[in-house]
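> Residue-level listing of the chains:
2 protein chains.
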Amino acid sequence: MSRFAFSILARDATTAARRGRLTTPHGTVETPAFMPVGTAGTVKAMTPGEVSGLGFEMILGNTYHLTLRPGEEVIRRLGGLHRFMNWQGSILTDSGGFQVLSLAGRRDIDDDGVDFRSHIDGRKLRMTPERSLEIQAALGSDIVMAFDDCPALPSEPERLAQAVARTTAWARRCRDVFPDDGRALFGIVQGGDDRALRAESAAAITTMGFDAHAIGGVSVGESAALSREVVAFTAPMLPESRARYLMGMGTPADLVAMIGHGIDLFDCVLPTRVARNGGLFTPEGRILIKRAEYKDDGRPVDPECGCEACRCYSRAYLRHLYMAGEILGIRLNTLHNLHQYAETIRQARRAIEAGRYAAFRDAFLARWRDTGSAAAGPAGDIAGDEGG
Amino acid sequence: MSRFAFSILARDATTAARRGRLTTPHGTVETPAFMPVGTAGTVKAMTPGEVSGLGFEMILGNTYHLTLRPGEEVIRRLGGLHRFMNWQGSILTDSGGFQVLSLAGRRDIDDDGVDFRSHIDGRKLRMTPERSLEIQAALGSDIVMAFDDCPALPSEPERLAQAVARTTAWARRCRDVFPDDGRALFGIVQGGDDRALRAESAAAITTMGFDAHAIGGVSVGESAALSREVVAFTAPMLPESRARYLMGMGTPADLVAMIGHGIDLFDCVLPTRVARNGGLFTPEGRILIKRAEYKDDGRPVDPECGCEACRCYSRAYLRHLYMAGEILGIRLNTLHNLHQYAETIRQARRAIEAGRYAAFRDAFLARWRDTGSAAAGPAGDIAGDEGG
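Line by line, the protein sequences are chains A and B. Going by this note's numbering, the first residue of the first sequence is number 1, and it counts up by one from there. Going by this note's numbering, the first residue of the second sequence is number 1001, and it counts up by one from there.
Treat the hints as calculated values from the structure; they're not laboratory data. Where hints are given, some of them may not hold.
To be verified - Facing chain A, according to a computed beta carbon distance under 8 Å, are these residues of chain B, among others:
1) 1078
2) 1291
3) 1295
4) 1299
5) 1312
6) 1314
Computed from a predicted model, the values in this text were never measured in an experiment. The beta-carbon is built from N, C-alpha and C at its ideal position, and this holds for glycine as well.
Pulled out of the complex, with its shape left as it was, chain A reads as follows (with noise of 0.2 Å):
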């Protein structure tokens, strides 16, 4: 098994992006790259053949849903969460902070940690820095998230000041009881909008020994245009010799936006959870397929496309198993999706290698005329169906 380690193979010529490759000891994956979530174990409708068959090399799978069901001592028993679901490549797992805080009405933070309810059956838990890295451990996740406080924007300055401070206190708990055991431990940067608390959170967590860093607190309620402009400015803020990961977003637009920022990371339930709801990714967008006008399309959702939806099926057969509430829907719809994030990537890898980034992130932008929300929450939220 190999050690947790991240080299940067190749820098673009005008932009901040890079071209690099994580090692786990599951494997390697190579950078830019986007996480498929996979909530409950699974990668929503999707079997790991063919989410590795995408191209994908890392899923990021979510303590919080997995310590209420299964129960992550049922998944250590069986052999650990890549052997549960049958994954052979790199696991992250996020810390369940997000969640736990997400549970309007059903949660009570203090400074040493949260006491919620299960959204599931309503029993009283709580959640830790120490209890997270219990779950991630008995997971057997190749990347473990620091457990961080994670309030939504707009938030009052006191409260992104005082989740900045706990942040901190709870990233050094995570680091004190980490074991050295080659997997990799990651950080997270908190701060909401503001500038100078996202600068004071960098500081502290950059300098505590993580083996990389993450951007939190972005796409939790504001504006995709807010997202991009915090992103914008913290990412400078991280050590340029770590991987940096920006949790929980966003569009392929979103993707090749902060490519050009240093972003080396991405999760987000969008491509999977859009998909369910009918709407399906191009490189201007995404259509809805259940509109009339596609009632008798012959073309596929996107000509351009190389994957089994587009090269099988009609636009008007996917409108027909949309509307009658077929599970072959969802399949080919997040299928579809996850091929056009997963092929962007490789575009973006490919023109970060070539020194023209700027020339490709300015074109694909300027083709992109999406007007859904960017904003999807971070990866498992409980308001959301991708929560289980």
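Keeping the supplied structure of chain A fixed, place chain B upon it in accordance with the hints.
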């Protein structure tokens, strides 16, 4: 394109079982054969590639469901049902008779046809023998079923006799308008559980020049034992040289028993519907994956099974997916059940070829301990969830 044909390749030594081959405009179908049900233009939760990969060469499509949604003219314009759903093999379509008749309180039957209201939007529509064949022609199926009157069981003797008379008259009208274009038209024998009525119906239907014959009106409310009894006395009334199709039945054990009476062709919603409800067929019957005993069970569903679900996943994982309502659970359960049906059919074919069908059948039935109902209803009944 080949014209429809049926040839018998081998006969069992001691039972009425036979090993045959259907030829249709879309290829050959080895028999005995089981047709997965593709109610609304999809075998629920499966891709066509998965269905053919399991060894199935023909599927069933539902005239009633497809005329309501998306409408047969949409499918015709897009090149027919094969192309619409990307199925390369053969397709048999039912007549819609059972579905419109099962719309209790929403239909009015007379000697000419049936007035009914759509279960989707309440539209008033009419189905007649001629209209059923018109829809099936638009769908472009390889095997067309005559429009029949199929009463539930139990029914009064007068109702069963009326259904036989109507089915005969409607069969003649279907035959009179069916074009000689290489596709096949199958006649349906009714008569409920009344041996004399079955003989009367068989005598009428089998002298009209149909390409093959079906036993309808079984698995419509009666016990599995009575279904098997009806098939046992009706099958010998059908000409030996033509294919025999038992509509809408049953479990793997039913298939094995009925093949011994000379049935060549089956369809049933059981493998797909039971899968969606967490039932998994094994050589011993079926297991309900939600049971608490499987929570920590690291074994595959059926250690003898070679399907992807059994090769790659534990009972504990499949239980978790079911409890969490995950689509992947439905996919894997469906794949497993269809594999069990395919494997049962393959074993039956080999036993017939070897002239040892009785021994195979008796061993299979001795091992079978299923207590679930065998009666699933004809494909695509409105009450069931296969009805879209």
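> Next step is simple, just say for each hint if it's right about the structure.
Hints, one by one, checked against the model:
1. 1078: 5 Å, holds
2. 1291: Not OK, violated: residue 1291 of chain B not within 8 Å of chain A, min 14 Å.
3. 1295: 6 Å, holds
4. 1299: Hint violated; residue 1299 of chain B Cβ to chain A Cβ min 11 Å, cut 8 Å.
5. 1312: Because about 5 Å separates residue 1312 of chain B from the closest Cβ in chain A, which is inside the 8 Å limit, the hint holds.
6. 1314: Holds, because the Cβ-Cβ distance from residue 1314 of chain B to chain A comes to roughly 6 Å (cut-off 8 Å).
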